[in-house]
Structures are given as C-alpha cells and as structure tokens.
Amino acid sequence: MVEKIQNLEMSGITKRFPGVLSNNNVNIHIVAGEVLAILGENGAGKTTLMNILYGLYQPEAGTISVNGKSVRINSPSEAIQLGIGMVHQHFMLVPTLTVCENVILGLSKTFLVDLKTATKRIKEIMDRYGLAINPEAYVWQLSVGEQQRVEIVKALYRGANLLILDEPTAVLTPQEAKELILLLKNMSAQGNSIILISHKLHEVMAVSDRVTVLRDGEVCADVNTQDTSQEALAKLMVGRDMAPCKRDGKFSPGKPVLELQDVFAKGDMGTNALAGVSLSIREGEILGIAGVSGNGQKELAEVIAGLRKVSKGKLVLNGKESTKMSPAKIIEQGLGYIPEDRLHVGTIPSFSIWENLILKDHNKPPFAKRSLLQNRVIMSHGLSLVEKYGIKTPNLETPTGRLSGGNIQRVILAREITRSPVALVAAYPTRGVDIGATEYLHSKLLEARSNGIGVLLISEDLEELTSICDRIAVLYEGQIMKVMPVEETDERILGLLMAGIVEEASI
Amino acid sequence: MNSQFRGVLKQIVVLLAALVGALLIGAVFLLLAKSDPIKAYGVMFAGPVSDKFGLTETLVRAVPLLLVGLGIVISFRSGIINIGAEGQILAGAIGAAYVGNSFPDMPAILLLPLVFMAGAMSGAVWGGIAGWLKARLAVNEILSTVMLNQIALQLYLFLIRGPLIDPQEVSYGTGVPQTALIPEQIWLSRLIPGTRLHSGLIFALVVAVLVYVFLWRTSTGYRMRAVGAGPEAARYAGINVQWYLVLAMALAGGMAGLAGVVEVTGVHHRALEGISAGYGFSGIVAALFGRLHPLGTIPASILFGALLLGADMMQRAVNIPAAMVMVIQGLVVLFVVSSDYFLKNPSSVANLKVKLFGKKVNGEGGK
Chain B
1 MVEKIQNLEM SGITKRFPGV LSNNNVNIHI VAGEVLAILG ENGAGKTTLM NILYGLYQPE
61 AGTISVNGKS VRINSPSEAI QLGIGMVHQH FMLVPTLTVC ENVILGLSKT FLVDLKTATK
121 RIKEIMDRYG LAINPEAYVW QLSVGEQQRV EIVKALYRGA NLLILDEPTA VLTPQEAKEL
181 ILLLKNMSAQ GNSIILISHK LHEVMAVSDR VTVLRDGEVC ADVNTQDTSQ EALAKLMVGR
241 DMAPCKRDGK FSPGKPVLEL QDVFAKGDMG TNALAGVSLS IREGEILGIA GVSGNGQKEL
301 AEVIAGLRKV SKGKLVLNGK ESTKMSPAKI IEQGLGYIPE DRLHVGTIPS FSIWENLILK
361 DHNKPPFAKR SLLQNRVIMS HGLSLVEKYG IKTPNLETPT GRLSGGNIQR VILAREITRS
421 PVALVAAYPT RGVDIGATEY LHSKLLEARS NGIGVLLISE DLEELTSICD RIAVLYEGQI
481 MKVMPVEETD ERILGLLMAG IVEEASI
Chain X
508 MNSQFRGVLK QIVVLLAALV GALLIGAVFL LLAKSDPIKA YGVMFAGPVS DKFGLTETLV
568 RAVPLLLVGL GIVISFRSGI INIGAEGQIL AGAIGAAYVG NSFPDMPAIL LLPLVFMAGA
628 MSGAVWGGIA GWLKARLAVN EILSTVMLNQ IALQLYLFLI RGPLIDPQEV SYGTGVPQTA
688 LIPEQIWLSR LIPGTRLHSG LIFALVVAVL VYVFLWRTST GYRMRAVGAG PEAARYAGIN
748 VQWYLVLAMA LAGGMAGLAG VVEVTGVHHR ALEGISAGYG FSGIVAALFG RLHPLGTIPA
808 SILFGALLLG ADMMQRAVNI PAAMVMVIQG LVVLFVVSSD YFLKNPSSVA NLKVKLFGKK
868 VNGEGGK
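Taken in sequence, the protein lines are chains B and X. So in our numbering, spot 56 of the first sequence is number 56, and the numbers just go up one at a time. So in our numbering, spot 183 of the second sequence is number 690, and the numbers just go up one at a time.
In case anyone wonders, no lab produced these hints; they're calculated from the structure. By construction, the Cβ of each residue, glycine as well, lies at the ideal position given by its N, Cα and C atoms. It is possible that part of the hints are untrue.
As the list claims (entries may be wrong) - Partner residues are not named here, just some residues of chain B that face chain X (Cβ under 7 Å, in silico):
1. Gln147
2. Thr323
3. Ala328
4. Val345
5. Ile348
6. Ser350
7. Phe351
8. Lys360
9. Pro366
10. Ala368
11. Ser371
12. Gln374
Claimed, not checked - Sample of chain B residues with no beta-carbon within 12 Å of chain X, all distances over it, derived:
13. Leu131
14. Glu136
15. Arg240
16. Lys324
17. Glu332
18. Asp490
19. Val502
Take the sequences, apply the hints, and build the full model.
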C-alpha cells in the first residue's frame with residue numbers, strides 16, 4: 001500500500017507556455033487533514049499548477065516533495081501511485097457503464113473482472129465518507145452531483161489520500177454544492193488532504209483551512225482562512241477593490257422586442273425539450289431564466305437564434321415573425337446571442353481574434369467592400385475593441401482558442417454588443433469565468449439594458465440572477481413555471497420552482 | 508515577426524525530418540527488393556536537378572500537382588476531404604478535349620478560354636456531386652469521392668475508346684484509346700524550346716496567388732474557412748454551411764479539372780489513357796506538405812514533381828519494380844500526416860528532445 005501523504009510541498013515551480021509565463025516560482029504546501037484552497041482568476045495558473053502536480057505537465061523548474069522526499073511525477077499514473085487523486089471539472093466517466101465498472105475501469109489486470117469484490121470495496125469507501133450512490137446504477141442515470149461523487153470514489157478507490165478538485169461546484173446546483181462542502185469537510189476530518197481550486201469566495205471561506213492566492217502565475221498570498229475575509233481575498237485575487245454590480249432600481253421597460261408564444265421544440269433526443277414556452281422580453285429589461293441546466297435552456301436559446309426548428313408556436317423578433325427565419329435573417333433582424341459553448345459556437349478557436357470579431361459582419365461594409373476584406377478597417381476595429389473590452393492578448397493574430405475563458409467571453413461580448421442588437425440572449429455568460437470578468441460582464445449587460453436592449457439572461461447562478469435581472473422566469477422540464485419581478489423572489493422560492501414544486505413556492 | 512519566422516522555420520525542419528524518416532524506411536524496402544538504396548536515392552535526388560531535362564520535367568509534373576493541390580487546399584480548409592481529384596482530372600481532360608475538338612476553326616483567343624472553362628466546369632460538376640451528397644444526404648465525402656473516381660475512370664475509358672476516339676485510329680485499325688489531337692492553335696506555348704515545359708506553369712502560379720487572395724482576403728473565402736474551422740460557429744454566425752460545402756467541392760473539382768486541361772493543352776495535346784499518372788493523389792500529399800497553404804503548395808509541388816520524376820529515373824536506373832515508387836510515396840504521406848502531431852503540440856518536440864538526448868534539456872530546467 002502507498003505511504004500516506006503527511007505533507008506535500010511544491011517549491012519554485014515555473015512553467016512557461018508559448019507567450020505566457022503560467023507559473024512563476026510558485027510555492028505551495030499542504031499537510032494531512034488540511035483543506036487548501038487555491039484561489040485565482042482564470043489564467044492565474046491554478047490549473048497548470050495542479051496539472052503539474054498530477055503529472056500532466058512537467059515544470060521547467062522547481063521540485064515536488066512528498067513527506068520530505070523529492071519526487072518526480074511524470075504521468076498521472078505515477079501521481080496516483082503516490083496517493084494523489086484528481087477530480088477534473090469535466091468528468092471522465094463512461095455513461096453506458098455502471099458506477100462500479102467506471103470505478104474499476106483500467107485497474108483490472110486479470111482477464112475476468114471481479115465485480116463482487118470491487119462492489120464491496122466501493123461500498124466500504126462510500127460508507128466511510130457518507131457517499132450514497134448505488135454502485136450498480138448506470139452513470140447516465142445519475143445527476144451531475146452524483147457523477148461527481150463517482151469521480152471522488154474513483155480517486156479514493158485508487159488509494160488517493162490527497163484529492164485535487166478543479167472547480168468542483170461549477171456544475172452543481174446550490175443544494176448539491178452544499179452537500180459537496182460537507183463531504184469535503186468529512187473527508188479532511190478523516191485525515192485526507194484536499195486541494196480545492198476555485199474562484200468562488202464563499203465556498204473557499206466555507207470549506208478551506210488555508211488559502212493560497214495566485215495572480216498572474218505568482219503566489220500573492222498564503223493565509224489562514226480564519227484570518228481573512230471574502231473582501232480581502234477578492235482584492236488579493238483581482239489586485240484591486242471590487243464593486244459588485246447591482247442594477248439600479250429604475251425600471252422602465254419599453255415595447256416588447258422578443259416574444260415567444262406557446263413555443264414547442266424537440267431536443268436532440270427527439271423529445272419535447274420546450275413544451276409551450278411563452279415569454280416576452282421588453283426594451284431595457286433583463287429577464288432571467290433560472291433553472292437547473294438540461295431543462296430546455298439550450299433549446300430555448302437555439303430556437304430564438306434560429307438554430308433549432310420550432311415544432312409549434314410562434315416567435316416575434318423586433319416586430320416581425322421570426323419563427324421560420326434563417327439564422328442569418330434573425331441576426332439581421334437584431335438578435336445578439338452569447339452562446340453557452342463559447343469556444344466552439346461563439347468563436348472559432350483556430351481563428352485569430354480579429355477574425356472572430358467580424359464573425360457576423362465579415363461580408364458587410366466597412367469590413368468588406370465588393371466582397372474584398374478591408375484589413376486596415378478590420379484591424380483598427382479589432383484593436384479598439386480589444387482595448388475597450390480589456391481583452392488580454394499578446395496581439396490580434398493570436399488564435400482565440402488560446403485565450404482564457406473570461407477573455408474569450410470578452411471577445412464574444414465585444415462582438416455582440418457593438419453590433420447594437422435590439423435583443424440579446426446570453427446563455428450562462430459567466431459560467432467558469434472569474435469574478436473580475438464576471439463583474440465586467442454584469443456591468444456590460446446592465447449597460448446594454450440602459451441602452452434599451454432587451455436582454456434574456458440564462459443562468460444557474462441565483463445570486464447573479466437576483467442581482468442584475470428585472471424579472472425572473474423559472475424553466476422546468478421545458479415549461480415556464482412562473483415569471484416574477486425580482487423583488488418577489490428569494491433563493492427558497494426559486495429553488496423550489498427549479499425543482500418543479502409550484503404549490504409550496506406560492507405560499 | 509521573428510516568432511512567425513521561427514514558426515515557419517520549425518515547420519520546414521519538421522517536414523524535412525518527416526521526409527528523411529520516410530526515405531529511411533523506404534530504404535529498408537529497397538534492400539528487401541535487393542537493390543542498393545544509396546544508389547537508388549542517388550539517382551532519385553540527383554536526376555531531377557542535374558540537367559535541363561531533369562529540371563524542366565520536374566516543373567512539367569509540378570504544374571498538375573500544384574493545381575490539384577490548390578483544390579485540395581480549398582476543400583480541406585473548408586472542412587471537406589476530397590480524395591476525388593483523380594476522377595476530377597479525368598473529367599477536366601475529357602471536357603477540354605471534347606470542346607477543343609468541337610470547334611477546330613475557332614481562333615485561340617476564344618477557344619482557349621472556352622476549353623479552360625469547359626474543363627474546369629466538368630471537374631467542378633464531378634466534385635460538386637460529392638459536395639451535394641455530403642450537404643444534403645450526409646454521405647461521407649471520402650467514400651463518395653473514391654467511388655466517383657472509379658466511375659470517372661470507366662466513363663473516361665469508354666469515351667476515349669468509343670464515342671470520342673480519334674477517327675484516324677479507327678481508319679488505321681490500330682484502335683489506341685485516345686482522342687484526336689486538339690487544334691494546334693490552343694496548344695500551350697513551350698517556355699523553353701526543346702523541352703516539354705509549357706506556359707501552364709505560369710497559369711498555375713497565378714492561380715495559386717488567386718487562391719491565396721480568395722481564401723484570406725475575400726468574404727467568401729473567410730466563410731469557407733469558417734465552415735471548415737468551426738462549422739457550429741459558422742452556423743451560429745448565419746453562414747449557410749451546406750452551401751459552402753458544395754461550393755468547396757465544386758471549386759476543388761474545378762482546380763483538378765484545370766489540371767486535366769493543362770495536361771491536355773500543354774503536354775499531350777489530346778486525352779489519352781493514363782493521363783493523370785496519379786496526380787490526383789500526389790496532389791493531396793503536395794497540399795499537405797505545403798501545410799494546406801496555397802503558397803506553401805508551390806514549393807511542395809515542385810518537390811513532389813522532382814520526387815515523381817526521380818522515382819521514375821530510379822526505376823529505370825537501378826531496375827526496381829514500379830510498385831516501390833508507390834511504396835515510398837505512401838510512406839511520405841504517412842510521415843507527413845504524422846508529423847502534424849509535432850507541429851500541433853509544441854511540448855511534444857521538447858519531450859522528444861528529452862527522450863532522445865536524455866538529461867541535457869532536463870538539467871537546464873532543474874536549476
């Protein structure tokens with residue numbers, strides 16, 4: 001059996017990627033039973049550091065030592081042998097296999113698989129930490145939160161006693177996130193070490209014993225959680241004071257710019273993903289769509305953008321029926337759209353920043369004249385947007401896929417807003433984006449609102465919805481449960497509606 | 508600017524390394540075929556560059572390779588894989604020969620453009636079929652283009668043996684499958700007297716520049732690259748992805764058709780059996796070797812023109828089976844395509860260095 005990790009130290013870690021110094025002389029340490037939070041904005045180098053610890057990358061300089069002995073971790077399998085386990089943000093599970101089969105995947109060295117013994121061991125691990133999942137259930141039957149627990153069991157089954165979790169709550173509902181925090185506390189109480197990568201301050205405060213803050217690839221603070229506060233951490237992480245965005249009380253919406261009337265649409269599986277959605281978004285308001293993802297949000301956005309067929313019902317955009325319009329016509333009719341998949345739908349990763357900034361206008365003057373691209377105009381347009389929207393990039397020629405999530409989102413936002421649409425659909429615009437960029441995105445959405453744009457904001461983050469929306473609609477199983485002015489909502493009501501419980505919510 | 512230059516330099520080094528790797532493995536096969544690889548490669552490399560004949564014949568082969576390669580660049584950049592250039596060349600060649608022979612008395616200034624148009628259109632239609640099948644019926648373009656090659660070949664043979672056969676062949680009773688000679692006024696002029704090097708070379712170079720401008724400086728080219736690099740994002744941006752797939756295949760087919768036209772008007776002056784000599788496949792390799800860039804395809808086509816010629820010469824000089832040439836070409840394709848891995852993963856080269864040279868690089872990093 002592996003020797004338990006009593007303490008682990010990474011010192012002087014430096015890792016360079018072309019054009020970026022991702023980690024610069026970074027030192028971290030952790031002891032058994034401790035929860036260490038690594039906090040930092042996107043692009044601060046958190047994930048790189050953890051990928052080095054997990055053997056996915058090799059540092060250019062620096063050492064890792066476990067229990068005082070220097071080690072070299074060349075691959076994830078070597079990390080696992082040392083007792084290090086990692087739960088990635090995107091799960092690595094096979095949906096058509098059972099929990100048990102997923103856990104032992106790749107471990108069995110014999111021809112026949114002994115599922116019984118494995119199941120027994122899995123049950124032992126689950127009992128020990130209070131993880132309730134049926135080992136015989138198929139992974140596709142599980143909720144996202146349960147799948148995450150399977151990932152944790154997988155790491156524990158392989159003998160991990162130091163667990164790295166990369167943004168574990170990004171995909172969870174508020175309730176699931178709370179459960180995860182309890183689980184992590186329980187695990188550390190039993191002597192495991194946990195490294196939590198996050199940029200959500202309240203979680204870091206709730207679960208960690210110590211916080212190491214990274215900024216621009218360097219450690220800028222290492223503090224005990226009890227000696228600090230959310231505000232102090234936010235300031236350390238961003239490097240300046242934060243002013244959270246709030247909409248002003250004034251709310252004077254104009255005429256409707258986007259209307260949905262009893263809209264039905266099929267999902268990818270052929271079932272009704274939208275079952276009679278009626279909504280009206282007016283000039284100068286932000287209408288929030290709350291709900292656990294997978295309840296028709298994706299289809300709702302795609303139907304509005306003309307990327308998915310409407311099977312029944314009617315859409316009206318800027319005074320014209322848009323039910324059967326092509327995506328190009330809908331764009332022309334004044335729709336801006338920040339899609340959920342920003343990397344592959346919102347941008348073309350291999351295209352340069354300037355190319356992505358003209359994605360929707362490459363054939364219109366001033367960017368094209370008689371179908372010839374006007375590079376000079378395009379470049380100066382690009383430069384001014386990069387500056388105005390604070391896109392951090394070496395230059396305009398950089399492939400957009402190389403930027404961090406927050407910066408890609410800025411590219412999309414810059415493009416969509418400067419097109420001055422009448423209605424803007426934003427699907428999960430701040431998912432996985434750090435607080436600095438989130439604050440910025442919120443301020444831009446509010447600015448769009450005050451410029452008279454009707455904004456439809458799809459989000460799972462209730463805090464976000466209640467702080468910037470004028471009205472909130474809850475989407476559950478393809479239907480709108482209720483549309484309410486934000487003043488009449490609270491987390492409890494929204495949570496109940498998101499779970500499809502209408503009666504209790506109306507009390 | 509400097510880093511861009513280094514990037515290009517790196518690409519060249521990796522590609523040349525791939526070429527050397529392919530030739531080394533090829534040497535093993537040559538040994539198995541009981542011939543001397545050093546002598547064979549000696550002929551293969553020295554032959555094409557040693558005299559006027561070698562140099563001009565290299566360029567003669569480079570012309571169709573470049574035209575085909577340009578079509579491949581367009582289709583691959585648009586996200587559709589065209590294996591059908593071989594059939595599209597034949598369509599272009601037969602179209603050119605037929606139209607050329609239909610108007611024997613028309614002045615060159617009218618007939619030559621007409622013949623070029625006819626050949627390009629024939630190739631474009633042949634390529635467009637595969638594009639349409641992909642766009643409308645989601646038929647895999649690799650399968651359809653390969654199958655269309657077979658159909659084109661048989662149709663071509665039928666036409667040059669039957670309806671379009673040279674009347675003289677019939678009257679003499681020899682029956683060589685070829686069309687009549689096209690009118691002399693549309694034979695492309697020879698650039699160097701006494702050689703086969705013809706003005707199609709200049710045409711192909713101009714087309715290469717035009718393709719570059721088309722793909723990178725026009726909004727249509729932008730759309731086609733967008734469809735290739737990010738089909739979902741292209742659809743999101745209101746681009747009609749299906750239409751651009753058809754257009755890409757039609758343009759690729761048109762380019763290959765032009766290669767057929769150039770072979771007819773510049774080299775053979777008629778459509779005959781075996782006119783393509785595998786240019787449809789070698790052109791793919793040239794395009795890949797040119798990093799799917801129209802201008803990169805120019806030197807790549809010349810290089811592969813030399814390789815084809817060198818292989819021919821090697822075959823005669825050291826008496827090895829013709830199949831060996833195909834083996835070596837196949838190896839080059841495999842190596843070039845594999846070398847992509849090293850260009851796409853910057854760290855892989857560093858890792859390879861560590862593996863090859865051990866601690867040298869490590870020690871540096873450890874301090």
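Verification of the hints:
For B:Gln147, the suggested interface contact is broken, since its CB lies about 25 Å from the closest CB of chain X, more than 7 Å. A least Cβ separation of about 17 Å between B:Thr323 and chain X goes past the 7 Å threshold, and the interface hint is therefore violated. Restraint check, B:Ala328 versus chain X: the minimum CB separation of about 3 Å is within 7 Å; hint holds. Residue-level restraint check for B:Val345 holds (minimum Cβ-Cβ distance to chain X is 5 Å; threshold 7 Å).
With 7 Å as the threshold, the beta carbon of B:Ile348 comes within range of chain X, its nearest partner Cβ sitting at about 3 Å, so the hint holds. The restraint placing B:Ser350 at the interface with chain X holds, with a minimum CB-CB distance near 5 Å, inside the 7 Å limit. Because the closest C-beta pair between B:Phe351 and chain X is about 6 Å apart, less than 7 Å, the hint holds. A hinted interface residue such as B:Lys360 counts as satisfied when its beta carbon comes closer than 7 Å to some beta carbon of chain X; here the least separation is about 5 Å, so the hint holds.
Given hint, B:Pro366 at the interface with chain X, is violated; its Cβ is 12 Å from that chain's nearest Cβ, farther than 7 Å. The closest approach between the C-beta of B:Ala368 and any C-beta of chain X is roughly 4 Å, which is under the 7 Å cut-off, so the hint is satisfied. Interface restraint check: B:Ser371 against chain X, minimum CB-CB distance 5 Å, threshold 7 Å, status holds. The interface hint given for B:Gln374 is violated, since its Cβ lies 10 Å from the closest Cβ of chain X, which is over the 7 Å cut-off.
For B:Leu131, the condition that its CB be more than 12 Å from all CB atoms of chain X holds, with the nearest at approximately 36 Å. Consistency note on B:Glu136: stated as away from chain X, and its beta-carbon is indeed over 12 Å from all of that chain's, at 37 Å minimum. Once the 12 Å rule is applied to beta carbons, B:Arg240 is consistent with being away from chain X; the minimum gap is 31 Å. The Cβ of B:Lys324 sits about 15 Å from the closest Cβ of chain X, beyond the 12 Å cut-off, so the non-interface label holds.
Non-interface status of B:Glu332 relative to chain X is broken: a Cβ of that chain comes within 12 Å, the nearest being about 8 Å off. Interface exclusion of B:Asp490 from chain X stands, the closest Cβ pair being 35 Å apart, more than 12 Å. In this structure B:Val502 is separated from chain X by more than 12 Å, as the shortest Cβ-Cβ distance comes to about 34 Å.
Going through the hint list in order, the structure does not satisfy hints 1, 2, 9, 12, 17.
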